[in-house]
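My request is simple: use the sequences and hints to build the entire structure.
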Amino acid sequence: MLAQVAGRHRLPAEAMAAMMADWLRRFDAPPPGEALLDRKAADFLALAARLATPRGEGEIARLRFEAAAALVAGRLADADKALAEAELQAIEGSGDLSALPAERRLLIGENRADRAALSFLRTAPEAYREAAARYGEAAALIGLADLGRSSATALDQAKALARISMDFGGREGYDAAVAALRSLIEGLDSRAEPIVFAGAQKALAAALEDIADSAGEVDRRIDALVHYRAGLRDLRRDDAPLLWQGLMLRFGRLAVALGEEREDDPLLEEAIGVLARLLAQWDRTQDEAGWLEAEYTIARARAALGGRRNDLALLERAFNSFNRVVQAVEREREPLRWAELQDRMGGVLTAMGERYSEPVVLEEAIAAFAGALKERRRETVPLLWAASSVNQALAMIRLAERRHTPALTQEALGRIATAIAALHQAGLAADAAKLQKRLAAAPAFMRAAGTASSGSA
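Using the working numbering, the first residue of the sequence shown is number 172, and each one after it goes up by one.
Worth flagging that the hints you see were computed from the coordinates, not collected in a lab. Idealized CB from N, CA, C, for every residue including glycine. Heads up, some of the hints might be wrong.
Said to hold, decoys possible - Ranges of calculated distance between the beta carbons of each label pair, as one might list FRET restraints:
(1) Glu230 - Ala192: 27 to 35 angstroms
(2) Arg353 - Glu529: 52 to 60 angstroms
(3) Glu388 - Lys608: 18 to 26 angstroms
(4) Glu525 - Arg433: 49 to 57 angstroms
(5) Ala600 - Ala184: 42 to 50 angstroms
(6) Glu388 - Thr589: 34 to 42 angstroms
(7) Gln581 - Val500: 53 to 61 angstroms
(8) Glu534 - Ala184: 53 to 61 angstroms
(9) Arg433 - Ala600: 22 to 30 angstroms
The structure is reproduced here in structure tokens:
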């Protein structure tokens, strides 16, 4: 796997092996996942690009070139030694760094930041802590020589801390990152430094989301939403297009998730506005995956809002967005993602069927759920299978009401009973209870169950 990831990212296999050596030496460590390897590859490429950029002159430039060569060969210790010697050359024996010219202090600080990035390449918690400490030192060294660069380096420090938890688990890294980011943000002026300010807010919000996911502290997601908003307040798209785009997308994704859970219509409306603005300025050819995520997320928001308001226009736009996404997803490569989109389109069609007198829309909904069930199989994903089975059964009940066909109602109720029983058999009793609670609030199901009870009586 190491060689495959190295080849995909076009970096030397020796470098990837050196980065992962600490991880592989841990007797209790699971095999590194592709997401971790991809992150380490990105870390390597970023540092390699910086070392390839000439800084300093004479012996300093030579030593940095030597560090770059050692990095490519996977000799991380030799690369750090060369950068340390370059730093000493830049200091020139000065006992008071504050007395050095601003340009020289910036060079020293940048070099220390590169040493931090080098420490960060090793896959061990202590190496990440060393990297964070070095980034902190670099920010202090740069200081007034370049406030923007100093703040950006302090942001790198917080990101390194967050990665302790991201890559190795636990709360330590996230908590340290949150504290560092709050301190950094307090010292920033969003109007004077909109890019660094927005980047810090984005990093803080992401750490809070990760804490919410890992520790179940759901209120942290509300805090995260506040920080995404703050990051967008003074950031213009032209200032930093990728940062602006990332903030908009993350805000939209979290706002939609919270809006769905809490049935918060104003939040869903806000999310739709943000995502529509984002999509209007998105070059799909430059980032297909990001565009698909934005299109999918706005579809979810429109589906939830349209369903509650019985707004046909919103539902139609939601269906069109889901359909655009499903056209770009290859069923053979991503069967469960394709099935999830079929299920969502079926849900939108079911809601639309309430407004149409013709039964064809409900028939299309049932067909969409049938498509989902081709990939959501009971034996492999029982929970997803049960969800789509029940969704299809509810659409069947609505169609039976329209056509006055009691037999179809009975068939649908039988499918619902089978789905609930299957969840119990699979040891998913809690999920079965959630499903029954959902059905208790579904008017179509209650009507059908009442009719069935009357008929049996």
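Status of the hints after comparison with the structure:
no. : hint                                : result
1   : Glu230 - Ala192: 27 to 35 angstroms : 30 angstroms, holds
2   : Arg353 - Glu529: 52 to 60 angstroms : 57 angstroms, holds
3   : Glu388 - Lys608: 18 to 26 angstroms : 24 angstroms, holds
4   : Glu525 - Arg433: 49 to 57 angstroms : 23 angstroms, violated
5   : Ala600 - Ala184: 42 to 50 angstroms : 48 angstroms, holds
6   : Glu388 - Thr589: 34 to 42 angstroms : 37 angstroms, holds
7   : Gln581 - Val500: 53 to 61 angstroms : 35 angstroms, violated
8   : Glu534 - Ala184: 53 to 61 angstroms : 55 angstroms, holds
9   : Arg433 - Ala600: 22 to 30 angstroms : 26 angstroms, holds
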